[in-house]
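Undergrad: The primary structure of each chain is shown beneath.
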Amino acid sequence: MGRLPEPDFLPGTLEMLILQTLSRGSNHGYGIAENIQQVSKDALKIGEGSLYPALQRLLIGEFVEAEWGTSENNRRARFYRITAAGRKQLAAEKKSFDFLIEAIGRVMETT
Amino acid sequence: MKLWNRIRHFALRRDVERDLEDEMQAHRAMTEARFQREGMTAKEARDAASRKFGNMTLALEDSRGAWNFAWIESLGQDIRYALRCFRNAPLFSLTVILTIGLALGLNTLLFTGFNAYVLAPFSVEDPYSLYSIWWNTKATIGRGFSWEEFRQLRTNNSACADLLAMRRVSARYNGDSLKGEMVSGNYFSMLNVAPEIGRTLILSDAVTPGSNAVIVLEHEAWISKFQADPSVVGRTILLQGRPFEIVGVARRGFAGIRNQPPDFWAPMTMYAQLMNGADLFGREHPHPLEIVGRLKPGVTMEQARAALLVPSKSVTANYAPEDRVLSVGMQSNATTFPLSTETIEGTLPAAIAMALILLLACANVANMLLARAMARQREIGLRLALGAARPRLIRQLLTEGFVLAVPAAVLGFCITWLGSIVGLKVVFAILPSSFASQIRIVPIHLDWRVFLFVLLAGCVSTIAFALVPALQATRGNLVQASRGEFSERHSSGRLRNMLVSAQVAICVMLLITSGILLRGSRSIQTVNVGLDVHNVIEIDTRQDLREKAIALLSTDPSVETQAVAWRTPLYGARNIPVAPQDAAGFTYAGFNFVTPEFFDVFRIPITLGRNFTAEEARAEEPLVIISEATARKFWPGGDAINQTLRIKLAPGSALSLDDKLPRLSSARVIGVALDVVNGAIIHGIDQSFVYFPANRAATFSYSLLVRIHGNPEVVRQSLDKLLTAGAPGAVIQMTPMQQVLDVQYVPFRLFAAISEILGALALALTAIGIYGVIAYLVTQRSREIGIRIALGASSGSVVRLILSQSVRLAAIGVTVGAVIALGVGKLISSQSLLLRIFDLWVYLASIAVVFAAAALAAAIPARVASRLDPMSILRHD
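Protein sequence lines, in the order shown, are assigned to chains A and B.
Residue numbering for the first sequence follows this note's numbering, starting at 1 and increasing by one per position.
Residue numbering for the second sequence follows this note's numbering, starting at 1 and increasing by one per position.
Note that these hints are calculated values from the structure, not bench results.
Heads up, the beta-carbon is just placed ideally off N, CA and C, and yes, glycines get one too.
Just so you know, not all the hints are guaranteed correct.
The calculated lysine to any residue pairs, modelled on SDA-like cross-linking and capped at a C-alpha distance of 25 Å, are [unchecked claim]: (1) A/K45 <-> B/E21; (2) A/K45 <-> B/S558; (3) B/K721 <-> B/S523; (4) B/K52 <-> A/K94; (5) B/K52 <-> A/N74.
Under 10 Å between C-beta atoms, here's a sample of chain A residues computed to sit facing chain B [unchecked claim]: (6) G25; (7) S26; (8) L55; (9) I60; (10) K94; (11) K95; (12) F99; (13) E102.
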């Protein structure tokens, strides 16, 4: 009890990244992690220890749905698909994230 | 929905976990495959993948944690654990469940009544838009309406979608008295009430005066008085000697829109035929109608009052100045009583008494749990030492509370259910027969509000009794806790003592209050009303058949004397301002119009002067007989006879629909009568009373008072037969006066009985509470007591030690309780002059009883203490 998750992201941003990835098409956990890593040019490495709890939270919130399927190289994998609620949530998170980044940027530019 | 999602997954949690594990395995396999593609050997790839993935169990655990299954699972564990604990202490659990269940039951019972009368709306369409409407004039506040006034108001107003008119009547059917509601033709359509069988009343039923002798039965009355026989529809029955056709039964659940359900509804146009008063539709009739309006959507009550004032003023524009409408009064008619400050104030004393009982029960259980928590200190200390978080332990202890509260709430609900049935049976059994047969109460349902109330009260009491012990038990030092050493801390002891003293205080207060009420009810039953009511029967008759009835009765040998009076004594008096000739200010006196025989019928001696003569009565001459108290007040020491009494014709004294006022401004005193109770027994002997002569043929609202020989009940039945045969429809009601007197004792008997029950309950709870605390103290102090005994203390001194502790606790409570009781006494004494609030005997008795209970409750633990074997105790630690 009481152990905090790895503090590699601002709280909630991981979910946003996952939703963003899934908004381009459904994917399995490995695929999501790979995708984020590739797109961010290896800057963001998602540990499985945070990826799966985050996916569970998204499932609880009904922002994603999961279904077992077969991966591109014929492995059994669980595919996640973004729901309508997920898209709405993504839009909202994007907006507040942009706002935050802009605000932080303004603070940092002031010398 | 999210909660539902969680719960659904909780049910499938094994699948969720298997999915997670499979998924992570797949993830690792993919990582491994990539490493192999990048040129690692199979083993290197597997190791690298494992490294990269890290602790899979932990990741699994975290993912599981996101679902909060652990919380739900531990709740299940807590409940199972609590059940096991309570199975091991069945007596304790049973005591807690009984204590809380009883208190919850009493509270819910009271709430059920409150709900039925104040919260549950009438079973009609949109009850919350219904408002009763009345007029205020200079002469009368709360004036009713004539048919014509109702008709005009109905067509000329912008605020109400519709208005209905109604008027309560009672009618004889088969020797039984039925309550009826005379209604306008739109009554059922406006309330949107369908028939169960047959039809309801329609507009055309109430158009032509005297036409359409039809009635619709109320559902419960159909069951109880007509055996739910569907063939009653179309049958013709005699009401008040007149034929009426039953056209239908209103749907089940609809019991009218006022405080007593009617047995039938009849069109207003039959009013004159049924009651034989003046014609309702003529000008000469006063204003007997009550009006209920349905506000248009979006119209507030204040807007409606303003909107109704304009047509009201124009309707009454040509009336005498004191009869013109000044303002329109309105009140919600959604429930039997509106949820107003007055209603809440009225129920508050009972609610407080009940809440105190619940508080007492909670204090008791809290105390027992506290003592138990001390006994479990070692277990709790061990758990804390092993790393259990305090909130987690508190949650566990609270869960234990809830586990006890659930059966207690179920028990409470059962008590409410039983109580609402048995309680009503008891009330009806206490009521004199001729009243019991007439009273009908609104339907009492255990609906969702009652259910919600039990639920809330249960939760609140659980928190009340379980939270403090839980906080107390889990506080503290680990090392001490694991050794079970808590006796050094005094705070919990102080808390327990306070709880016990509070219990004693509440108990003393309830005992004293119930004692005062009990003695009050005794003394009220011994009040000499001055009237000889034995062998007097009150007969309500139709006005047109009254003379015929009097003639018939005078032929019967069992009839001794017959009198006619405007008001029957003991139904509460009406007052007018009167004064002696030369005085400046007026004082209020009760008044009545009576025929000369009135004084013979009730055996009221005329101590000075003389009675009215028959001629004086018939002419209603300006003469008056006054009570002795009035004579003393107005002409102290002097002779009242032949003095002049001035009467202020006081319009505006809020007189009701059937009131009759003397048309005199002064009258000559011709006699002085002995003081009696003309009004209500609760107000005692009349402070002041005046009798005017009555012409028995003049007004329709006179009652016949008959003194008879022989057994009142037997004679009542034979007279009823005589009148039914000789003057069918004449009798509206026949009531022995003894029953009129008896019915006044009922509230006092009920109050006394209820307060006795509460007092006894409080006493039992307090005794249990004291016993629990003292027994615990003995266990806690056993070492000290053992040393005392080893050092030579006698068993007597040990008993004294324990008893004195108990008595000390009681003494504080008794003092506080007695002081509160004085305040409560002041409050109730404002309701009746006959209650003696400072009744030394009651105070002493209550205090003695509480001390005795405190000593008795401590006696068993004290005996246990005095028999402690010092050797075994001292060796034990």
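Undergrad: None of the hints should be skipped; say for each whether it holds.
TA: A quick look at each hint next to the structure:
At roughly 21 Å between alpha-carbon atoms, A/K45 and B/E21 fall within 25 Å of each other, so this suggested pair holds. This hinted pair does not check out: A/K45 and B/S558 have alpha carbons roughly 111 Å apart, beyond 25 Å. A hinted pair counts as satisfied when its Cα atoms are at most 25 Å apart, and B/K721 with B/S523 does not qualify at roughly 38 Å. Between B/K52 and A/K94, the direct Cα distance comes to roughly 30 Å. Violation of the 25 Å bound is thereby established for this hinted pair.
Only pairs whose Cα atoms come within 25 Å are accepted, and B/K52 paired with A/N74 is accepted, the gap being roughly 23 Å. Checking A/G25 against chain B: minimum C-beta separation of about 17 Å lies over 10 Å; hint violated. A cut of 10 Å between beta carbons decides the hint on A/S26: the least distance to chain B is about 14 Å, and the hint is violated. Interface restraint check: A/L55 against chain B, minimum CB-CB distance 7 Å, threshold 10 Å, status holds.
Checking A/I60 against chain B by beta carbon gives a least distance of about 6 Å; that is within 10 Å, so the hint holds. Given the 10 Å rule on beta carbons, the hint for A/K94 is violated: about 22 Å separates it from the nearest Cβ of chain B. The closest approach between the C-beta of A/K95 and any C-beta of chain B is roughly 22 Å, which is over the 10 Å cut-off, so the hint fails. At its closest, the beta carbon of A/F99 sits 26 Å from a beta carbon of chain B; the interface hint therefore is violated under the 10 Å criterion.
The beta carbon of A/E102 comes no nearer than 31 Å to any beta carbon in chain B, farther than 10 Å, and the hint placing it at the interface is violated.
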